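Required output: the full structure, derived from the provided sequences and hints.
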Amino acid sequence: MAKVNIALDAELVVEVMVLAGVGSPQDAVEAVVRDYIARGHRTEARTADRDEAHRTGTLLPPEPPQG
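Numbered according to UniProt numbering, the sequence shown spans residues 1 to 67.
If a hint is listed, it holds; no wrong ones were tucked in.
Taking CB as the label site, the calculated pair distances span: (1) Val14 <-> Thr47: 29 to 39 Å; (2) Pro65 <-> Gln26: 28 to 38 Å; (3) Glu11 <-> Pro64: 37 to 47 Å; (4) Arg46 <-> Glu11: 31 to 41 Å; (5) Ala2 <-> Tyr36: 11 to 21 Å; (6) Gln26 <-> Pro64: 32 to 42 Å.
These are computed hints drawn from the structure, not numbers from a lab.
Treat the numbers as computed from the prediction; the structure is a model and nothing was measured.
A virtual CB, placed ideally from N, CA and C, is assigned to each residue, including glycine.
Quick look at the structure:
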């Protein structure tokens, strides 16, 4: 996999490290990026299911929020 070097504000990275409970700046930022991507995929899956239900006429009542 290709690597990319970027510069970030040190306070921002330290905050991410604390919130993620990770000791390495690179691991902390990587965890945030992976979470962001996974969240996007989950959103796409939910909206695709909803669009499919509208298209086919098999619309179900909304699920209660999880959380």
